[in-house]
Amino acid sequence: MAILFWVLTKFSREYTATVDASILYKSIPNETLLAENNPEELSFDLTTNGFEFFYYKIKQPVITINISDYYTKGNKTIAITDVQLTSLISNQLDKNLSVKNLSLNELKVNLELLVSKKVPVFSKAELSYRKGYMSLDALNIKPDSVQVSGPSEIIKKIDSIATKSKSFTGIDEDFKETVDLALPDAPSLSVSPKEAELSIKVQEFTQKQITLPIEVVNLPQGTIIKLIPEVTKISFNVPVKNFNKVSENDFHLFCDFSKRNNSENFMLTKFSKKPIDIRDVEIKDEKIDYLIFKQDSEE
Numbered sequence: 067m068a069i070l071f072w073v074l075t076k077f078s079r080e081y082t083a084t085v086d087a088s089i090l091y092k093s094i095p096n097e098t099l100l101a102e103n104n105p106e107e108l109s110f111d112l113t114t115n116g117f118e119f120f121y122y123k124i125k126q127p128v129i130t131i132n133i134s135d136y137y138t139k140g141n142k143t144i145a146i147t148d149v150q151l152t153s154l155i156s157n158q159l160d161k162n163l164s165v166k167n168l169s170l171n172e173l174k175v176n177l178e179l180l181v182s183k184k185v186p187v188f189s190k191a192e193l194s195y196r197k198g199y200m201s202l203d204a205l206n207i208k209p210d211s212v213q214v215s216g217p218s219e220i221i222k223k224i225d226s227i228a229t230k231s232k233s234f235t236g237i238d239e240d241f242k243e244t245v246d247l248a249l250p251d252a253p254s255l256s257v258s259p260k261e262a263e264l265s266i267k268v269q270e271f272t273q274k275q276i277t278l279p280i281e282v283v284n285l286p287q288g289t290i291i292k293l294i295p296e297v298t299k300i301s302f303n304v305p306v307k308n309f310n311k312v313s314e315n316d317f318h319l320f321c322d323f324s325k326r327n328n329s330e331n332f333m334l335t336k337f338s339k340k341p342i343d344i345r346d347v348e349i350k351d352e353k354i355d356y357l358i359f360k361q362d363s364e365e
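Residues 67 to 365 (our numbering) make up the sequence shown, in order.
Don't read these hints as lab results, they were simulated from the structure. There's no promise every hint is true.
As the list claims (entries may be wrong) - The calculated label-pair distances, taken between Cβ atoms and stated as ranges, are:
no. : residue 1 : residue 2 : range
1   : Leu-163   : Lys-142   : 52 to 58 Å
2   : Glu-239   : Asp-135   : 18 to 24 Å
3   : Asn-104   : Ile-342   : 58 to 64 Å
4   : Lys-336   : Ser-258   : 17 to 23 Å
5   : Asp-246   : Asn-327   : 28 to 34 Å
6   : Lys-242   : Gln-275   : 31 to 37 Å
7   : Pro-186   : Pro-341   : 28 to 34 Å
8   : Asn-284   : Glu-348   : 23 to 29 Å
9   : Glu-261   : Pro-95    : 27 to 33 Å
10  : Asn-284   : Asp-251   : 40 to 46 Å
11  : Lys-242   : Phe-309   : 52 to 58 Å
12  : Gly-236   : Leu-334   : 35 to 41 Å
Computed from a predicted model, the values in this text were never measured in an experiment. Beta carbons: idealized from backbone N, C-alpha and C, even for Gly.
Put together the whole structure using the sequences plus the hints.
This is the structure:
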């Protein structure tokens, strides 16, 4: 009983001592971000009874700073005076406590203003197909751009976002896969969304050959030439389902006499028309020799 009475008497007395507290920043405005190296702790003299001191020694007090209460739009720094800070600490701990001699004459909190922009997404995925299968068109990326937000110094260095590197092999049907984006190593950076869907149309292809006549364009009036050869074969890969649909009527092959090679007497064959869904087109005779039989005086 004597010991209990002594403890109650001892802890009921008022004491003044220094207390350390941690700082918690909350209510950060949406257009800002806390900068690095802002104060994380402060200390102050606290006058209270021994029971309160014992409690704060066991559990360090946390002082919450609502940034939005002191923020003015566009500012990169907020300042809280020692008077405001003393009142804030007293209200959060206990209004009956006496708080004095803060370790900070003024609490300055540095902010970074956030900016955002859209940047394109590109794929680093590697696609390989089963033998005889090919893509019909270019790889589709959805979405083709993402929103990046963060400090202006970081954002201005970002002009695109890549998907993570990933390999897909043996593809023999229409392809669709969701792949995570390779996010920059910057904790203050926000990217939305964080993934993209890759898709591409795939079909089975087979090879086909067609013999085509060669037309000469830009031939001067009065000039008669003979092409060697006058027809040539072309080979290409075509979707199996379209094999019988593709014919010589879908092509037009020509040589431009005005762009001939005079020193070696040949012309290059080119297409003015061909189907869009064929692949790996090869012309057997890319160089066409010619003989001139009749030429006007200017030629």
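Consistency of the hints with the structure:
Look at Leu-163 against Lys-142: about 34 Å separates their beta carbons, and that is not inside 52 to 58 Å. For Glu-239 paired with Asp-135, a C-beta distance near 59 Å fails the hint of 18 to 24 Å. Range check, Asn-104 to Ile-342: Cβ separation about 59 Å, and the 58 to 64 Å hint holds. For Lys-336 and Ser-258, the Cβ-Cβ distance of about 47 Å falls outside the hinted range of 17 to 23 Å, so the restraint is violated.
Under the hint 28 to 34 Å, the C-beta atoms of Asp-246 and Asn-327, about 53 Å apart, miss the expected range. For Lys-242 and Gln-275, the hinted distance range of 31 to 37 Å is satisfied, since their beta carbons lie about 34 Å from each other. Judged by the Cβ atoms, the range 28 to 34 Å given for Pro-186 and Pro-341 holds: they are separated by roughly 30 Å. Judged by the Cβ atoms, the range 23 to 29 Å given for Asn-284 and Glu-348 holds: they are separated by roughly 25 Å.
At about 28 Å, the CB distance of Glu-261 to Pro-95 agrees with the hint of 27 to 33 Å. Range check, Asn-284 to Asp-251: about 59 Å between beta-carbon atoms, so the 40 to 46 Å window is missed. Taking 52 to 58 Å as the suggested C-beta distance range, the pair Lys-242 and Phe-309 does not conform, at roughly 26 Å. Checked against the hint of 35 to 41 Å, the C-beta distance between Gly-236 and Leu-334 comes to roughly 38 Å, which is consistent with it.
Hint compliance for this structure: hints 1, 2, 4, 5, 10 and 11 are not met, and every other hint is.
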